[in-house]
Every structure is written in C-alpha cells, then in structure tokens.
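Enquirer: This is what each chain is made of:
Protein chains: 2
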Amino acid sequence: MPAITPRTLSGFMELLPGPQQQMERFLNTLRETYALYGFTPLDTPLVESAEILLAKGGGETEKQIYRFSKGDADLALRFDLTVPLAKYVAMHAGELAFPFRRFQIGKVYRGERAQRGRFREFYQADIDVIGDGKLDIANEAEIPAVIYSTFTRLGLERFQIRVNNRKILNGFYAMQGLAEQSGEIMRTVDKLDKIGPEKVRGLLVEDAQLTEAQADEILKFIAIRGTNAQVLEALEGYADRNELFDLGLEELKAVTKYLAAFGVPETHFAVDLTIARGLDYYTGTVYETLMLDHPEIGSICSGGRYDNLAEYYTDRQLPGVGISIGATRLFYVLQEQKMLNEALNTAPAEVLILPMTQDLTAAAEAATFLRAAGIRTQLYTEQKKFKAKMGYADKLGIPFVAFLGEDEIAQGKISLKNMQSGEQQLLSLEEAVRLVQEDLRVRDNGKLILG
Amino acid sequence: MPAITPRTLSGFMELLPGPQQQMERFLNTLRETYALYGFTPLDTPLVESAEILLAKGGGETEKQIYRFSKGDADLALRFDLTVPLAKYVAMHAGELAFPFRRFQIGKVYRGERAQRGRFREFYQADIDVIGDGKLDIANEAEIPAVIYSTFTRLGLERFQIRVNNRKILNGFYAMQGLAEQSGEIMRTVDKLDKIGPEKVRGLLVEDAQLTEAQADEILKFIAIRGTNAQVLEALEGYADRNELFDLGLEELKAVTKYLAAFGVPETHFAVDLTIARGLDYYTGTVYETLMLDHPEIGSICSGGRYDNLAEYYTDRQLPGVGISIGATRLFYVLQEQKMLNEALNTAPAEVLILPMTQDLTAAAEAATFLRAAGIRTQLYTEQKKFKAKMGYADKLGIPFVAFLGEDEIAQGKISLKNMQSGEQQLLSLEEAVRLVQEDLRVRDNGKLILG
Chain A
4 MPAITPRTLS
14 GFMELLPGPQ
24 QQMERFLNTL
34 RETYALYGFT
44 PLDTPLVESA
54 EILLAKGGGE
64 TEKQIYRFSK
74 GDADLALRFD
84 LTVPLAKYVA
94 MHAGELAFPF
104 RRFQIGKVYR
114 GERAQRGRFR
124 EFYQADIDVI
134 GDGKLDIANE
144 AEIPAVIYST
154 FTRLGLERFQ
164 IRVNNRKILN
174 GFYAMQGLAE
184 QSGEIMRTVD
194 KLDKIGPEKV
204 RGLLVEDAQL
214 TEAQADEILK
224 FIAIRGTNAQ
234 VLEALEGYAD
244 RNELFDLGLE
254 ELKAVTKYLA
264 AFGVPETHFA
274 VDLTIARGLD
284 YYTGTVYETL
294 MLDHPEIGSI
304 CSGGRYDNLA
314 EYYTDRQLPG
324 VGISIGATRL
334 FYVLQEQKML
344 NEALNTAPAE
354 VLILPMTQDL
364 TAAAEAATFL
374 RAAGIRTQLY
384 TEQKKFKAKM
394 GYADKLGIPF
404 VAFLGEDEIA
414 QGKISLKNMQ
424 SGEQQLLSLE
434 EAVRLVQEDL
444 RVRDNGKLIL
454 G
Chain B
4 MPAITPRTLS
14 GFMELLPGPQ
24 QQMERFLNTL
34 RETYALYGFT
44 PLDTPLVESA
54 EILLAKGGGE
64 TEKQIYRFSK
74 GDADLALRFD
84 LTVPLAKYVA
94 MHAGELAFPF
104 RRFQIGKVYR
114 GERAQRGRFR
124 EFYQADIDVI
134 GDGKLDIANE
144 AEIPAVIYST
154 FTRLGLERFQ
164 IRVNNRKILN
174 GFYAMQGLAE
184 QSGEIMRTVD
194 KLDKIGPEKV
204 RGLLVEDAQL
214 TEAQADEILK
224 FIAIRGTNAQ
234 VLEALEGYAD
244 RNELFDLGLE
254 ELKAVTKYLA
264 AFGVPETHFA
274 VDLTIARGLD
284 YYTGTVYETL
294 MLDHPEIGSI
304 CSGGRYDNLA
314 EYYTDRQLPG
324 VGISIGATRL
334 FYVLQEQKML
344 NEALNTAPAE
354 VLILPMTQDL
364 TAAAEAATFL
374 RAAGIRTQLY
384 TEQKKFKAKM
394 GYADKLGIPF
404 VAFLGEDEIA
414 QGKISLKNMQ
424 SGEQQLLSLE
434 EAVRLVQEDL
444 RVRDNGKLIL
454 G
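Each protein sequence line maps, in turn, to chains A and B. Going from the first sequence to this note's numbering is simple: count from 1 and add 3. Going from the second sequence to this note's numbering is simple: count from 1 and add 3.
Some hints here could point you the wrong way.
Stated by the list, open to error - DSSO-like mimics (lysine-lysine), calculated; alpha carbons at most 30 Å apart, straight line: (1) B:K256 - A:K59; (2) A:K260 - B:K66; (3) A:K390 - B:K420; (4) A:K260 - B:K390; (5) B:K392 - A:K260; (6) B:K256 - A:K392; (7) B:K416 - A:K260; (8) B:K387 - A:K256; (9) B:K260 - A:K392; (10) B:K398 - A:K390; (11) B:K398 - A:K137; (12) B:K416 - B:K450; (13) A:K66 - B:K73; (14) B:K137 - A:K392; (15) B:K341 - A:K388; (16) B:K66 - A:K416; (17) B:K260 - B:K341; (18) B:K66 - A:K73; (19) B:K387 - A:K388; (20) B:K59 - A:K73; (21) B:K66 - A:K66; (22) A:K197 - A:K223; (23) A:K387 - B:K341; (24) A:K416 - B:K73.
Just so you know, these hints were derived from the structure itself, not from any lab. On a predicted model such as this, the values are computed, not experimentally measured, just so you know.
Hey, can you work out the whole structure from these sequences and the hints?
Expert: Written out as structure tokens, the structure reads:
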C-alpha cells in the first residue's frame, strides 16, 4: 500500500496536459503582445522579506499573505506583482532608463477562503510604465491599445474597455462640497449595477448624509451616457468650476483623442463615469474591461494611473500607469464558458512515428530529420500491438502518424497518415515535412478564444 | 524618509532588464527544444502539502525545505520538480497516455547556506518519460539527443555527454562479491577526479575493507578508456559472469547503437565507467554533461533511468528516465564566464519612435503600423530635449530610432536611423518594416552562448 494519497492543494490550479497546452498558448499571447508594445520582461523572486511586502500594511493583505520564517528570516510569498516592482524600481532606479516599461507574468499567493473559481495561487500578467518625476498622459492613452491588442490576439471579440478619470470624480465631488466624503460616495455609486439608482440615492441620503439636492446631482452625473463625444460634451458642462475636474477632463480628452491612432475602435472603448476602482492609490485614468456577454464575471483587465509607486522604499517620485490581467481566473472562466478553441492542437507532437520493425535506426533517423525541420516529433518506442499504438496517437490527439516498416525503409520513405481525414500517403521525408508544415499553417491559424 | 530600504533576499536571482532578456532567450530555447522532442509542458503548484513533498523524507531535503503553515495546513515550497511529477502522475494516471513525456521549467526552493553562485530559488528544467509498468530502452537512447540538441541550439559547442549504466556497476561489484558495499565503493570512486587513483585505492582498502586484489580489480575496471567501441569491447571481457552486468551491457550497447540515428556525434558522447550519480533511485543508464573548458563547474545536465517514480503515492509501477538542467546556476556560470552573446538584442523594442511634434497622432499611427507588422515598437512620450531622447535609446540599446517631424508627417514617411551604423533614411512605413525585419533576421541569427 502506498503511504500517502496524492493530492493537490485546494485553490491551486493544476491542469492536465491538453488544457495546459491551451494555458501556455494563452500566456504566450500575453507575453508576445506585451513585448510588441515595448515592455521588457521581468522575473522577480516569489519569496521576499515580509517587511518589504508588508511595507504598506493593512487589512486583507496581512490576513491573506503566506508568511513564514526560515532561520532568522521573516519571509512571505508575494501577493501581487506591484509591490515587487516598486521594490525593484526603487533598488535599481540608477540603472534603469525612464520611462521604464516592464511586463511580468508570474504567480502570486493569497490565502483566501477556498471556493470554486477562486485561486490561492494564480498568475497575474501586469504591465506598467514608470516615469521618473513625471510621466506624460500619452502613456495613459496607449494602455487601451495594449488591452485591445491583447484580447483581440487571443480571439476575444465581444469586450469593451471602460475608462474614467479619478480627477474628474474627485473634482466633481469637490464642486458639490463633498471632497471629504468622496471615498464613501464612490463605494456607494459602485453598487449602481447591483442595486439600481433609487437605492443608491437612498444610501447617499441616509448613510452618507448627503442632501437630496446633492444626491440628485450625483445621480444625474453618473447617468451621463452616450458616445465618447457625447459624454465628453456633457462633461464640458461642468468645466471651469474646479481645477482638478478640469485637469481630469483634459486628461480624459487626451486619452480618447489618440484612440484611433493607437488602433482602438470606438466599439471597444467607452468613457464610463461609474468606474472608480477601489484602490486609493489611483490618481488619474482608471480602466476596466468587460466581457459583454459575461458582465457577471466582472473586469478581466483593470488598472490605472498612480502618482507614487514606491513611496515606502524611496524618496524618488515615481508616477506610473499599469494594468493587470488575472490570468488564472480568466483562463478558468474561459474554460467554464467553453470559449476555448478545441480545434487547436494540444498534442505534445505534430507527428508520432510508429516503427514497424524491431530495429529503430530508420525510425530514429526519420524523427531526427523531422525535428531538424522544426516539426515536433515523438518516436513511439514500446513493443505493443498495432491497435494500442494507434490508440495512443488517438488519446493524445496527435495530427499525423508516420508508419515505418520494411517496405518504407527499403524505399527511403514513410507512410504518413492524417489522423483527422484518414488519408495516408507514401512520402519522402522532405515531402512529409512540407505537408505537415502546410497543415500546421492552417491549424495554427485559429485563435485561442472563440468569440 | 522612506520607511524601508528595498532589498532582494540573498540567494534569489533578480536580473536587470538586459540580462533578463538573455535569461528569457535561454529558457525559451530549452522550452522549444524539449517541445520538439514531443514533451508536453506541465505547470504544477510551487506550494504543496508538506506530507506530499516529504513522503520520502531524509536528511538534506528536510533541513533545506521551506516549510510553513497557513491555518491548519502544513505546507512547503517544492525543492525539485520530480516529487511534484510523481504526485501528478500518481493522481492522474488514469487520464494520461503512457509513455507520458513531460517537460517542466520552474522554480524550486532550497534553503542552502548562501554563497556566491549558490541559489535558494532557482529554475530547474526537467524532462521525463514515464512508462506504465515498463519502458523501452530506446527512450534511454533518445535522451542524449535531447541533451545534444538543447546545448547545440543554445550555441554551446565544447561539451560532452557522459553515460554509464548502474546495472554494469552493480553487476561488476556483485562479481567481486561486493554487492553489499557497492554504495560505499561508488562514493569512493566518485572522488577519482579529485584525489587520483592511488588515494582511491587506499580508501577502498582501509575504509571500505576491500582486499588488495578487489581494489586492484576496481581500479583496473574504472581505468577502462577509449572510444565507445573500445570501452564496450573491454566490457565484453566481463560478460557472462553476472546477469545484471550482462543486462546493463546490453542496455549500454542499445544506447550507443542509436546515437548516430538520433543525430548525436561521437565527439559529444562518451561511455564513462566512473559516472555513478549519487541518488540511489537510478537503476540503469545515468547521464552527466560536462563543459569541456570548464570541468570545475561539474555536470550541467544530469539524470538517468529509475524503476519506480511514485512508490509513495501509488502501487502502480512507473519506471522512467529523465534529465534536469539547473538553469539558474548554468545561466549564472555563463554570465560569469562571459560566454553570453552580447551582440543579441536585449532592448525592449526594435524601434523607438521619437515624435518631433506636440501632437502625437502621426507617431501613434506609425507605432500601430509597425506593431501590426510584428515589430516591437516603443513610442517615446516625454517632453525632453533631443539629446535626452537619444540618450534613452542609447541606454536601452534600441537598434532603430524613427524620427517623426513636420516634414516626415507631410510626406507620410519616417526618418529611420540605424543606431549601430548611424545611417539614416527617409522611408515609407512599409519600407521601414522591411528594413527592420531584414536587420532582425541577421541580428537574431546568433546563438545565446559563444563557444
């Protein structure tokens, strides 16, 4: 009897080989797209000094963090990629060129209560642009292009990037004499989708102690809808009353101005005054991204502008803008919604060579030839019945099987069978390479996400 | 004053952007090569139940492991990729197709004493082939091909794969009536390179209590040298005296027989009877790989055949063969030895667009065009002096700078400057794409490792 029942911790994603191949494709698309926009990859440790990670301190983080000691060291697993970035930039500021554009795709850890679709170990896929002292608004305008490209390259079509500016919100509340209550108001307004405008109004008056007139003003403001041009025009009606508001409006106009130049169609972008993002370090543009057919999932890519990345580690003012994709959760959702393209090859090889002779020399040579041509090839090595060998190819979903018996060896050829069409051809290795490469071009043309 | 001095834990590699780009290239080459041989990627959690990871138990592992609790759970960071593989295969045996070929490249954790070039967090890059009940020797013959391809694709030339078979060693010791002492003898013989044959002989007689005749026999045996054919011929002289030895010799002959067919030249492969590998779970072929100009570094890729991967988790007999590259340490060594190709582009982009106008529309459009053509492009957004902008491109080592002023915009062109040659041309965007792509083909042609 084995001593221990093998198990994987709850909340830790561990995929079978087929889905793992899809996950690899998913993460590679993120990597490639981020790189295309001039972000450089970083890889920081998963373990850091607890003092570093908890510099900011505070509620949920402290409760959820995996913290432990080794010898004298008080250590913890990172719970996001932002704090390690802040540490990195503060440490290496002298060696980096600013604006510093980095992406990082890595696992982070949060000991949340385990439940379906919630992960304790999950990939975040972040990009950030960090300025030294200041950072031009153009960077905030470019972010929607990265989001649009990323999801489009993945194959997602029905999504929308929603953008707002915290300066507009804070400026507007200040106009109403509500600067102090802005946090509470934002949290209440955030419930709009769930509870509707009447209940929001009730909470604003009863809990937040606003006057009826103030509550009405707020409801009127967040009810502003329309095309980007219409929303911006409506916002102009509030101009010249508060400096912060005016600055935010200028920024929002700059962000929308460059959309087309950056290749983002109007259909996939909306100014939305109800977007606030909870985190208090956002100071300007904020982003959310919704799957239009699955609003219940919430934002699949969020972020925003902040003014001070690394205040706990350096006196240097490091403003930035960044976004994050919760990649493990998004992948899980796509799986659940059956939105992953099953037609893509998830087999470990394009070709499985099945030797029909005792001696494997010719089969090994054929494998070597195909591999040198860049074709992922497996040599089946076991002495099994023909049916078992074919069952192996089937189970793995390998697109091509190459038979190599006495006849083929005598002719210096292989019999290549297309497992999907059933078609079998006697081919030279050069011909086989061309055929498989042609098939791959078609097969790999598909995108990972359907819809 | 900032509250905390930013720092990274000792023994945890954290690279600057340039070296990180090299590291990415390094790991990507491993991934691509492993995939070419029909291995499927896996990604298992970094955190596992301590009970799972420590099932085998024992000395160094227990001392070095990062172990901690969260709530009631007794957890630990994985210290290798083999134990998580054993767990995975035992858990999912019913869903996998055997032979199961997987690669995994991931970080592992060992709380070793910190010293230069020793890492507590490091990448291992493993491949394994797992059989269900049995596994053909051909798999052991294919492994040197994977090793050869991997290092050759990286650019390493002066290396040698050294192979032995534990059955030959154990069979030989059994012939001498020394089956019981084989472990101690192997550990003594392992010191041959360091202390020389005379001292090994002394230890065998004094510490291991061998007779003079037995010690002489062992020294004679491990002194066998020559081409693979010569070594195999010398081994034939010991045949027909011990079954295990004969089986090992058959296996070694099978492994060497297929070398050429698998594309491994004789120059990069040697049967070496002094190779034993310390770990007691190896039962057949064992591999080491030496950098010929840096033998002091030790083996850069090792592994072997084992008969029972997952005995602690399942009754199923799961024999396998695998190898592992300690990727973080190897990368560190290559850096130290100045063996990394500095000519390869480590910049975050191929092209930096420098707008010379206030309005960025044309510059953003140019960036969008280049990116759509697959060229990594950064738009410089800050309002700085020309010299500062050029200094930025220089510091990052970006190969091309594209100037976009009133003149260029009027003509629908860009001025593209090759930062290496200094040559500057007024080009359409289509022409610029072709020129940059052509340059990339030459630039990316180089391999990561020199020599």
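Enquirer: Determine for every hint whether it applies to the structure shown.
Expert: Evaluated hints:
1. Distance hint between B:K256 and A:K59 is unfulfilled; the C-alpha atoms sit about 63 Å from each other, more than 30 Å.
2. Of the supplied pair hints, the one linking A:K260 and B:K66 is violated, its CA atoms being roughly 60 Å apart against a limit of 30 Å.
3. This hinted pair does not check out: A:K390 and B:K420 have alpha carbons roughly 61 Å apart, beyond 30 Å.
4. Between A:K260 and B:K390, the direct Cα distance comes to roughly 28 Å. Compliance with the 30 Å bound is thereby established for this hinted pair.
5. Between B:K392 and A:K260 the alpha-carbon distance is near 24 Å, which keeps this suggested pair within the 30 Å criterion.
6. Taken as a hint, the B:K256 and A:K392 pair is honoured in the structure, with Cα atoms around 26 Å apart against an allowance of 30 Å.
7. Our distance criterion of 30 Å between C-alpha atoms is met by B:K416 and A:K260, whose separation comes to about 22 Å.
8. In summary, the hint linking B:K387 to A:K256 is supported, as the alpha carbons are separated by about 22 Å, within the 30 Å threshold.
9. As the CA atoms of B:K260 and A:K392 are separated by approximately 24 Å, the hinted pair is consistent with the 30 Å bound.
10. Of the pairs offered as hints, the one joining B:K398 and A:K390 is violated, with about 61 Å between alpha carbons and a cut-off of 30 Å exceeded.
11. In summary, the hint linking B:K398 to A:K137 is supported, as the alpha carbons are separated by about 19 Å, within the 30 Å threshold.
12. For the hint linking B:K416 to B:K450, the alpha-carbon distance of about 34 Å lies beyond 30 Å, and the restraint is violated.
13. Distance check on the hinted pair: A:K66 and B:K73 sit about 10 Å apart at the alpha-carbon level, within 30 Å; holds.
14. Note on B:K137 and A:K392: the hinted pairing holds, with a Cα-Cα distance of about 15 Å set against a maximum of 30 Å.
15. For the hint pairing B:K341 with A:K388, the CA-to-CA distance comes to about 52 Å; that exceeds 30 Å, so the pair is violated.
16. As the CA atoms of B:K66 and A:K416 are separated by approximately 56 Å, the hinted pair breaks the 30 Å bound.
17. Between B:K260 and B:K341 the alpha-carbon distance is near 36 Å, which puts this suggested pair outside the 30 Å criterion.
18. Between B:K66 and A:K73, the direct Cα distance comes to roughly 10 Å. Compliance with the 30 Å bound is thereby established for this hinted pair.
19. For the given pair, B:K387 sits about 72 Å from A:K388 by alpha-carbon distance, which is inconsistent with the 30 Å threshold.
20. In summary, the hint linking B:K59 to A:K73 is supported, as the alpha carbons are separated by about 22 Å, within the 30 Å threshold.
21. A distance of roughly 28 Å separates the Cα atoms of B:K66 and A:K66; the hinted pair therefore holds under the 30 Å criterion.
22. With a C-alpha separation of about 18 Å, the suggested pairing of A:K197 with A:K223 holds against the 30 Å cut-off.
23. The straight-line distance between the Cα atoms of A:K387 and B:K341 is roughly 49 Å, outside the 30 Å bound, and the hint therefore fails.
24. A threshold of 30 Å between alpha carbons decides the hint, and for A:K416 with B:K73 the separation of about 60 Å lies outside it, so the pair is violated.
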